[in-house]
Each structure stands twice: as structure tokens, then as C-alpha cells.
Amino acid sequence: MNISIKLFAGFRQNRFKMEEREIPENSTIIDVLNQLGINEPELGVAMIDGRHVTTDHVLQTGVTISLFPKVGGG
Amino acid sequence: MNKILRINMSELTSKIETAPEQWAGLGGRGLTSTIVAAEVPPRCHPLGPNNKLVFAPGLLTGTPAAQSGRLSAGAKSPLTGTIKESNAGGTAAQQLARMDIKAIIIEGIPAEDKWYRLHITLDGVSFEPADDLVGKQNFAVIDAMIDAFGPKIGVLSIGVPGELRMAAANISVKDPDQKIRSHGRGGLGAVMGSKKIKCITIDDTGAGKVPIADPDKFRAAAKVFAKALLDHPVSGEGLPIYGTNILINILNEAGGLPTKNFRYGQCDHHEKISGETMHETIVSRGGKHKHGCHAGCIIQCSQVYVDESGAYITSGFEYETIWGLGANAMIEDLDDIARCDHLMDDIGIDSIEGAVLLATAMEAGVIPWGDGKECQRVLRDEIGKGTPLGRILGNGTGFVGRAYGLVRVPVVKNQGIPAYDPRSVKGIGITYATSTMGADHTAGYTIATNILKVGGYIDPLAKDGQVELSRNLQIATAAVDSTGMCVFIAFPALDIPESFTALIDLLNATYGLNLTADDVTELGKTILKVEHDFNTAAGFGPADDRLPEFFNYEPVPPHNVVWDFTDKEIDEFWNF
Ligand code: SF4
Numbered sequence: 001m002n003i004s005i006k007l008f009a010g011f012r013q014n015r016f017k018m019e020e021r022e023i024p025e026n027s028t029i030i031d032v033l034n035q036l037g038i039n040e041p042e043l044g045v046a047m048i049d050g051r052h053v054t055t056d057h058v059l060q061t062g063v064t065i066s067l068f069p070k071v072g073g074g
Numbered sequence: 001m002n003k004i005l006r007i008n009m010s011e012l013t014s015k016i017e018t019a020p021e022q023w024a025g026l027g028g029r030g031l032t033s034t035i036v037a038a039e040v041p042p043r044c045h046p047l048g049p050n051n052k053l054v055f056a057p058g059l060l061t062g063t064p065a066a067q068s069g070r071l072s073a074g075a076k077s078p079l080t081g082t083i084k085e086s087n088a089g090g091t092a093a094q095q096l097a098r099m100d101i102k103a104i105i106i107e108g109i110p111a112e113d114k115w116y117r118l119h120i121t122l123d124g125v126s127f128e129p130a131d132d133l134v135g136k137q138n139f140a141v142i143d144a145m146i147d148a149f150g151p152k153i154g155v156l157s158i159g160v161p162g163e164l165r166m167a168a169a170n171i172s173v174k175d176p177d178q179k180i181r182s183h184g185r186g187g188l189g190a191v192m193g194s195k196k197i198k199c200i201t202i203d204d205t206g207a208g209k210v211p212i213a214d215p216d217k218f219r220a221a222a223k224v225f226a227k228a229l230l231d232h233p234v235s236g237e238g239l240p241i242y243g244t245n246i247l248i249n250i251l252n253e254a255g256g257l258p259t260k261n262f263r264y265g266q267c268d269h270h271e272k273i274s275g276e277t278m279h280e281t282i283v284s285r286g287g288k289h290k291h292g293c294h295a296g297c298i299i300q301c302s303q304v305y306v307d308e309s310g311a312y313i314t315s316g317f318e319y320e321t322i323w324g325l326g327a328n329a330m331i332e333d334l335d336d337i338a339r340c341d342h343l344m345d346d347i348g349i350d351s352i353e354g355a356v357l358l359a360t361a362m363e364a365g366v367i368p369w370g371d372g373k374e375c376q377r378v379l380r381d382e383i384g385k386g387t388p389l390g391r392i393l394g395n396g397t398g399f400v401g402r403a404y405g406l407v408r409v410p411v412v413k414n415q416g417i418p419a420y421d422p423r424s425v426k427g428i429g430i431t432y433a434t435s436t437m438g439a440d441h442t443a444g445y446t447i448a449t450n451i452l453k454v455g456g457y458i459d460p461l462a463k464d465g466q467v468e469l470s471r472n473l474q475i476a477t478a479a480v481d482s483t484g485m486c487v488f489i490a491f492p493a494l495d496i497p498e499s500f501t502a503l504i505d506l507l508n509a510t511y512g513l514n515l516t517a518d519d520v521t522e523l524g525k526t527i528l529k530v531e532h533d534f535n536t537a538a539g540f541g542p543a544d545d546r547l548p549e550f551f552n553y554e555p556v557p558p559h560n561v562v563w564d565f566t567d568k569e570i571d572e573f574w575n576f
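Chains as they are written, first to last, in my numbering: chain H, 1 to 74; chain U, 1 to 576.
Check before you lean on any hint, since a few could be wrong.
Straight-line distance between alpha carbons at most 20 Å, and here's what the computed EDC-like set of lysine to aspartate or glutamate pairs gives [as the list claims (entries may be wrong)]:
1. U:Lys-114 <-> U:Asp-100
2. U:Lys-272 <-> H:Asp-56
3. U:Lys-463 <-> U:Glu-549
4. U:Lys-288 <-> U:Glu-276
5. H:Lys-17 <-> U:Asp-214
6. U:Lys-196 <-> U:Asp-131
7. H:Lys-17 <-> H:Glu-40
8. H:Lys-17 <-> U:Glu-468
9. H:Lys-6 <-> H:Asp-56
10. U:Lys-453 <-> H:Glu-19
11. H:Lys-6 <-> U:Asp-131
12. U:Lys-525 <-> U:Glu-468
13. H:Lys-17 <-> U:Asp-132
14. U:Lys-227 <-> U:Asp-571
15. U:Lys-525 <-> U:Glu-554
16. H:Lys-17 <-> U:Glu-271
17. U:Lys-152 <-> U:Asp-131
18. U:Lys-453 <-> H:Asp-49
19. U:Lys-373 <-> U:Glu-332
20. U:Lys-227 <-> H:Glu-42
21. H:Lys-6 <-> U:Asp-132
22. U:Lys-227 <-> U:Glu-237
23. U:Lys-453 <-> H:Asp-56
24. H:Lys-6 <-> H:Glu-42
25. H:Lys-17 <-> H:Asp-31
26. H:Lys-6 <-> U:Asp-268
27. U:Lys-3 <-> U:Glu-17
28. U:Lys-529 <-> U:Asp-571
29. H:Lys-6 <-> U:Asp-335
30. U:Lys-272 <-> U:Asp-336
31. U:Lys-288 <-> U:Asp-335
32. U:Lys-373 <-> U:Glu-276
33. U:Lys-453 <-> H:Glu-40
34. U:Lys-463 <-> U:Asp-335
35. U:Lys-385 <-> U:Glu-374
Simulated from the structure, these hints should not be mistaken for lab results.
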């Protein structure tokens with residue numbers, strides 16, 4: 001199935017800002033991280049449609065996921 | 001530290017007092033708020049003779065502990081009418097601490113219509129005429145002081161809006177690079193202006209080191225503390241690389257980035273004003289992406305933003321300013337935003353209030369939406385010169401709203417609401433509503449837990465747990481604001497328990513105390529209650545702990561949510 005991935009901050013280095021990817025049915029956020037070569041502890045926040053999701057979240061076809069490393073400000 | 005420097009502007013006299021015993025364990029915000037509560041009549045006019053302007057370095061300021069060089073300024077605020085504390089970097093805090101000055105209390109107002117520069121040395125205070133500085137903006141004042149006294153002189157100054165007692169005026173503090181950090185929020189520059197003080201210069205020649213009771217214990221704790229700062233991904237990596245502006249994209253994704261004066265929660269041109277774009281721009285133009293606001297900062301969230309030729313535009317270019325001008329006022333060009341930031345430093349107005357009031361002026365039709373050039377003109381030639389329009393704008397967001405008959409006016413206790421939409425990030429709404437300071441995100445930064453998943457996670461769109469989250473953070477922040485530490489130590493402190501223990505060890509080693517974590521929490525609670533009592537005596541009640549009504553009936557996209565806390569739920573906050 002097809003999903004879109006948006007990357008932010010340091011995750012963009014040597015990768016991309018936004019891409020469409022073909023992934024197997026029932027993939028989770030962890031599977032996507034693995035595909036991208038990102039270690040799970042590096043992940044700060046994953047969001048779908050502006051909602052936080054956990055790494056075991058099972059992805060539906062057509063979704064856009066946004067992945068952020070651990071960042072902050074204030 | 002136990003000297004209190006009391007300066008009387010009515011009589012043009014000063015004296016050194018010994019701090020009373022009950023002030024011994026206080027510094028920074030804890031001390032400024034305690035002094036204001038003890039000595040300022042809550043119902044006094046903030047610009048009148050009975051208000052006092054208090055400066056206090058933190059409990060750890062002047063020691064080698066990382067991040068400890070912040071200065072607190074306090075008074076009754078002319079913007080909010082509440083008690084106010086605003087802290088800033090720069091060099092003055094560490095100079096005062098080394099001079100053994102625990103606090104400066106400035107009281108009274110000169111009888112004559114004459115401006116002064118206060119010159120503070122180990123010998124005391126001299127009251128110098130400031131006629132040659134009046135009418136100058138901050139960078140010109142700082143340059144003149146460097147010419148007169150050399151680059152090491154400490155400077156606190158106000159620009160023309162401060163002279164004219166505008167409620168958005170701030171107090172500028174010279175930083176180690178001869179640039180500016182600010183006691184931004186709450187109009188403290190107007191209080192300084194009301195006392196006819198254009199500038200304070202600090203010459204610490206002859207000052208020694210801050211004494212440390214147990215140097216070995218201090219060194220050990222300082223090491224653990226610094227290691228935690230560098231190990232935590234936010235303080236060790238995220239902040240130095242991207243600065244605070246990394247938040248633009250994450251708030252945009254979360255639907256909490258207030259856009260076009262709080263109409264929307266997402267901004268189409270977010271990428272142009274994002275931390276990622278800013279980082280690339282700074283690096284490609286040869287600016288500095290990391291930079292500290294005071295000696296001893298190892299996080300270095302600040303940066304030096306330069307133009308295409310590599311020439312300085314601004315530093316300390318913060319998320320809240322970039323959000324306010326970029327998303328909320330719809331200015332798409334980061335260079336224009338940087339120039340506005342520089343102008344706000346120069347004329348001396350709070351860059352959050354300034355950004356929010358410019359968007360409100362756009363709502364009013366005074367400035368076209370997104371017109372960064374016109375914003376620069378308005379800052380420089382209207383607010384900066386005190387024209388009639390400039391005075392309407394320079395008195396803050398709430399004043400602009402009333403002047404133009406607007407309804408969508410984002411203020412709490414008349415202070416402009418910063419960069420996080422309270423409808424879609426509900427914890428921060430509780431902080432805005434209940435903070436003793438008016439709308440202030442730093443008072444209890446729930447974004448950490450609501451959005452960034454630091455210190456756990458509480459769903460930003462649900463009401464559950466938000467009051468408790470905000471309360472715990474406001475208590476902890478009040479305590480941290482008393483140490484002289486910058487607020488970003490909270491990121492490691494929320495996630496790495498040893499770093500919080502190390503902070504307490506630093507206090508104990510410096511003063512020979514045996515404080516526990518519970519004592520620190522108690523300190524935070526006491527400070528909040530002292531501030532809240534002052535506000536109550538000044539006439540504030542639960543009905544003031546509310547967000548503007550439009551948040552109740554205007555749903556904010558993309559989540560299409562409104563502010564839905566009941567009064568009773570909000571008032572639970574003070575139940576501790
Ligand atoms: S991290 Fe930022 S705000 Fe904190 S002390 Fe350093 S430069 Fe100043």
C-alpha cells in the first residue's frame with residue numbers, strides 16, 4: 001500500500017522532506033523507521049493527521065505520517 | 001550574597017542594606033516577587049511613585065554552574081496590573097552576583113523632569129545626568145556606554161517606548177557580544193521610564209568570586225548537571241542546531257500554530273519560516289547557528305542571523321517572535337521577520353507582545369496582512385518615535401483591540417497570548433489562564449508533555465490531566481526561575497532524574513544547605529502563592545483567570561476544537 005512520509009529536523013539529513021513510499025499491508029511506524037534506517041530511540045514524535053501516534057500504530061493506506069526526532073524549544 | 005542595594009529616585013540616594021533572614025534562601029523570581037509583595041502596595045499605579053523596580057540574580061548566578069546567569073526583574077506590571085517577573089540573559093546578572101549584590105530595589109520618582117543614568121560600582125551608586133542619551137534607542141545607548149567605559153561594562157537600558165512609558169516596553173540587557181537580551185514581558189521598561197532611569201551601567205572592577213561553601217561537592221554536581229544537559233537530545237542537540245524555532249513545523253503538524261491572528265492552527269507557508277529553513281539560511285550565509293546569551297551557557301539555543309552579504313541582522317531569534325510575525329501576522333520572508341526582531345530589540349519592546357500587537361493591528365486594517373516592510377516602518381517610525389499611532393500600538397495587544405473595537409484580541413490579563421493555540425494544546429491554555437503573570441507560556445510549559453513527549457505524554461486535545469500538568473510545571477518553574485537557571489534545563493530535568501538532583505546539590509553546595517526535592521517544590525508553591533495573593537489584593541479574582549471569549553465559540557482548524565474548560569475546572573488549579 002501507499003503512504004506519504006514527512007521528515008523534520010535532523011531526520012531530513014541524507015533523506016528527504018517528503019516522499020511517497022510503498023509499504024506492506026499492516027506495517028507499523030516501527031517498520032517505517034526501519035525502512036528509513038532510523039533507530040526507534042531517536043524518534044521524538046510521530047503524528048498522523050495532527051494526532052500523536054505510538055510506534056506500534058498500524059498504518060492505513062493513503063495516510064501521511066510525520067516523523068520528528070527529539071527536539072524542543074520554548 | 002546578602003547585600004541589598006536600595007536606590008531612592010525621589011531623593012537621589014542609595015544605601016546598602018543587609019538582606020533580612022527570610023530572604024536568605026531566595027534569589028531570582030522568588031526574591032523579586034517576595035520583595036514586590038512585601039513593599040509595593042498592590043493597588044498602586046504601576047507608573048506611580050509607589051511601584052518599585054527590583055532586579056535579582058538567581059541563587060546560583062555567578063557560580064560556574066552551567067546556564068545559571070539569568071537576571072530577574074520584577075515590579076507591578078503596567079501591562080497586566082499583576083505582579084511581574086521577567087528574566088533575561090546578558091552580563092549584568094553575573095556582575096551583580098560577583099559584587100555580592102543580592103537585589104537592587106529602585107523606588108520613588110524624581111521630583112524634577114530630568115533623566116538619569118545610574119552607575120553602579122563596588123563603591124556604590126552615582127546618579128549621572130542622561131540628557132545625551134534621551135531619545136536614543138538601545139543599540140545607540142549601548143554603543144555610547146562601550147565608548148565611555150569599555151566593552152566589559154554591564155548595561156541595562158530602555159529605548160524611546162520605555163521613556164514614553166508604553167506598556168509593551170522592555171528592559172534591554174547587554175550580552176557578551178555587545179548585543180541585546182531582554183526582560184521582555186509585562187512592560188517593565190515603562191516602570192524604568194517612569195522612574196526617569198534611561199540606563200544603568202555596572203562596573204564590577206574589584207569584584208571577587210561568588211563564595212561556594214563546599215567546592216568539591218559543587219564541582220561533582222556541576223559535572224553531572226552539565227553532562228545531563230549535553231546528553232539530553234533536546235538540550236544537547238536540538239536546541240543548539242535549530243534553536244527554539246524548530247517548533248514551527250511541529251506545532252504546524254499538530255494544528256497548534258496560531259495563524260492569521262488565531263484564525264487557524266496551521267500556516268501554509270510554515271516551511272519558509274521553519275527552524276530547518278532558518279538553520280540552512282544561517283549556515284549558507286555564514287552566520288552562527290549556536291550562541292549563548294550569557295557566559296556559561298552550554299546549550300546555546302541562540303543564534304546570529306545574517307543577511308546575504310553575511311552582515312548581522314539579529315541574534316536571539318526566537319520561535320515565539322518568528323511565529324508571531326511569520327504565522328500570526330503572515331509575513332513570509334524570514335529576513336523581514338529578522339529585521340523586525342532587530343528593530344524591536346533596538347526600540348525596546350517585548351518581541352512577543354510586539355508581534356502579537358502587529359497582527360492585531362492587521363486585524364484592525366492598520367497594516368496589510370503579511371506586510372513585513374510596513375511592520376518595520378511602523379516599529380521604527382511610529383512606535384519607535386512615539387507618534388499617536390505608535391502610542392496606541394506600543395501599549396500592547398489589548399489596547400490596540402480596544403482602540404479599534406476588535407473582538408478577536410488574544411490576551412489574558414491584558415498580556416498577548418504567545419505561540420501555541422490553547423484550543424488545540426489545552427494544557428498551555430490552563431497556563432495562560434492561571435499564570436500569575438498573564439498569558440505566559442514559560443510559566444508552565446506544557447508543550448513539553450502535550451506536544452514534544454518530554455516528561456511523558458498528555459493528549460493536547462483532551463482536557464484530562466491538563467490542570468495538574470500545568471500546576472506541577474508552574475510550581476517547578478517558579479523554583480527554577482529562582483536559581484538563575486534558564487528554563488531549558490527543564491528538558492533534561494523532566495527526563496533525567498539525576499539532573500534535577502544535581503541542581504539541588506548545586507544549591508546545597510553553594511550555600512551549605514540540606515535542601516531536598518520536596519523543599520524545592522515547597523519553594524515553588526510558596527512563590528506562586530505570594531504572587532497570587534498580591535494579584536488578589538490588587539483586585540484580581542477567578543473571573544480574570546479566563547481566556548478571551550472567542551476561543552469558546554470559534555473552532556480552530558484543522559481539529560475544529562474550541563476552548564471547553566468550565567470555570568470550575570480552571571479554578572481547581574489553585575487547589576494546592
Ligand atoms: S539555552 Fe538559550 S536562553 Fe538558555 S542560557 Fe543558553 S542562550 Fe540563553
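Now for the hints, and whether the structure bears them out:
1. For the given pair, Lys-114 (chain U) sits about 30 Å from Asp-100 (chain U) by alpha-carbon distance, which is inconsistent with the 20 Å threshold.
2. At most 20 Å may separate the alpha-carbon atoms for a hinted pair to count; Lys-272 (chain U) and Asp-56 (chain H) exceed this at roughly 32 Å.
3. Among the hinted pairs, Lys-463 (chain U) with Glu-549 (chain U) is consistent with the structure: their alpha-carbon atoms are about 18 Å apart, no more than 20 Å.
4. Proximity of Lys-288 (chain U) to Glu-276 (chain U) is assessed by CA-CA distance (about 14 Å); at most 20 Å being required, the pair is judged to hold.
5. Distance restraint check for Lys-17 (chain H) and Asp-214 (chain U): the Cα-Cα separation of roughly 51 Å exceeds the 20 Å cut-off, and the hinted pair is therefore not satisfied.
6. At roughly 11 Å between alpha-carbon atoms, Lys-196 (chain U) and Asp-131 (chain U) fall within 20 Å of each other, so this suggested pair holds.
7. Restraint check for Lys-17 (chain H) and Glu-40 (chain H): satisfied, since their Cα atoms lie roughly 19 Å apart, inside the 20 Å limit.
8. With a C-alpha separation of about 37 Å, the suggested pair Lys-17 (chain H) and Glu-468 (chain U) falls outside the 20 Å cut-off, and the hint is violated.
9. A threshold of 20 Å between alpha carbons decides the hint, and for Lys-6 (chain H) with Asp-56 (chain H) the separation of about 18 Å falls inside it, so the pair holds.
10. The suggested pairing of Lys-453 (chain U) with Glu-19 (chain H) is violated, with an alpha-carbon distance near 25 Å, which exceeds 20 Å.
11. The suggested pairing of Lys-6 (chain H) with Asp-131 (chain U) is violated, with an alpha-carbon distance near 57 Å, which exceeds 20 Å.
12. Only pairs whose Cα atoms come within 20 Å are accepted, and Lys-525 (chain U) paired with Glu-468 (chain U) is accepted, the gap being roughly 13 Å.
13. Between Lys-17 (chain H) and Asp-132 (chain U) the CA atoms are separated by roughly 53 Å; this puts the pair beyond 20 Å, and the hint is violated.
14. Annotation: proposed proximity of Lys-227 (chain U) to Asp-571 (chain U) is violated, straight-line Cα distance about 39 Å (limit 20 Å).
15. With a C-alpha separation of about 34 Å, the suggested pairing of Lys-525 (chain U) with Glu-554 (chain U) is violated against the 20 Å cut-off.
16. For the hint linking Lys-17 (chain H) to Glu-271 (chain U), the alpha-carbon distance of about 10 Å falls within 20 Å, and the restraint holds.
17. Between Lys-152 (chain U) and Asp-131 (chain U) the CA atoms are separated by roughly 23 Å; this puts the pair beyond 20 Å, and the hint is violated.
18. Proposed proximity of Lys-453 (chain U) and Asp-49 (chain H) is supported: the alpha carbons are some 17 Å apart, at most 20 Å.
19. The hinted pair formed by Lys-373 (chain U) and Glu-332 (chain U) meets the criterion: a straight-line CA distance of about 11 Å does not exceed 20 Å.
20. Proposed proximity of Lys-227 (chain U) and Glu-42 (chain H) is supported: the alpha carbons are some 19 Å apart, at most 20 Å.
21. Among the hinted pairs, Lys-6 (chain H) with Asp-132 (chain U) is inconsistent with the structure: their alpha-carbon atoms are about 55 Å apart, more than 20 Å.
22. Among the hinted pairs, Lys-227 (chain U) with Glu-237 (chain U) is consistent with the structure: their alpha-carbon atoms are about 13 Å apart, no more than 20 Å.
23. Straight-line distance between C-alpha atoms of Lys-453 (chain U) and Asp-56 (chain H) comes to about 16 Å, which keeps the hinted pair within the 20 Å bound.
24. Distance check on the hinted pair: Lys-6 (chain H) and Glu-42 (chain H) sit about 16 Å apart at the alpha-carbon level, within 20 Å; holds.
25. Among the hinted pairs, Lys-17 (chain H) with Asp-31 (chain H) is consistent with the structure: their alpha-carbon atoms are about 19 Å apart, no more than 20 Å.
26. Restraint check: the Cα-Cα separation between Lys-6 (chain H) and Asp-268 (chain U) comes to about 15 Å, which is no more than 20 Å; the hinted pair holds.
27. Between Lys-3 (chain U) and Glu-17 (chain U) the CA atoms are separated by roughly 6 Å; this keeps the pair inside 20 Å, and the hint holds.
28. Proximity of Lys-529 (chain U) to Asp-571 (chain U) is assessed by CA-CA distance (about 14 Å); at most 20 Å being required, the pair is judged to hold.
29. Proposed proximity of Lys-6 (chain H) and Asp-335 (chain U) is contradicted: the alpha carbons are some 26 Å apart, above 20 Å.
30. A C-alpha spacing of about 12 Å is found between Lys-272 (chain U) and Asp-336 (chain U), which places the hinted pair at or below 20 Å, so the restraint holds.
31. Restraint check for Lys-288 (chain U) and Asp-335 (chain U): the C-alpha separation of about 15 Å stays at or below 20 Å, so the hint holds.
32. With a C-alpha separation of about 24 Å, the suggested pair Lys-373 (chain U) and Glu-276 (chain U) falls outside the 20 Å cut-off, and the hint is violated.
33. Our distance criterion of 20 Å between C-alpha atoms is met by Lys-453 (chain U) and Glu-40 (chain H), whose separation comes to about 14 Å.
34. Only pairs whose Cα atoms come within 20 Å are accepted, and Lys-463 (chain U) paired with Asp-335 (chain U) is rejected, the gap being roughly 38 Å.
35. Taken as a hint, the Lys-385 (chain U) and Glu-374 (chain U) pair is honoured in the structure, with Cα atoms around 15 Å apart against an allowance of 20 Å.
Checked against the numbered hints given earlier, the structure breaks hints 1, 2, 5, 8, 10, 11, 13, 14, 15, 17, 21, 29, 32, 34 and satisfies all the rest.
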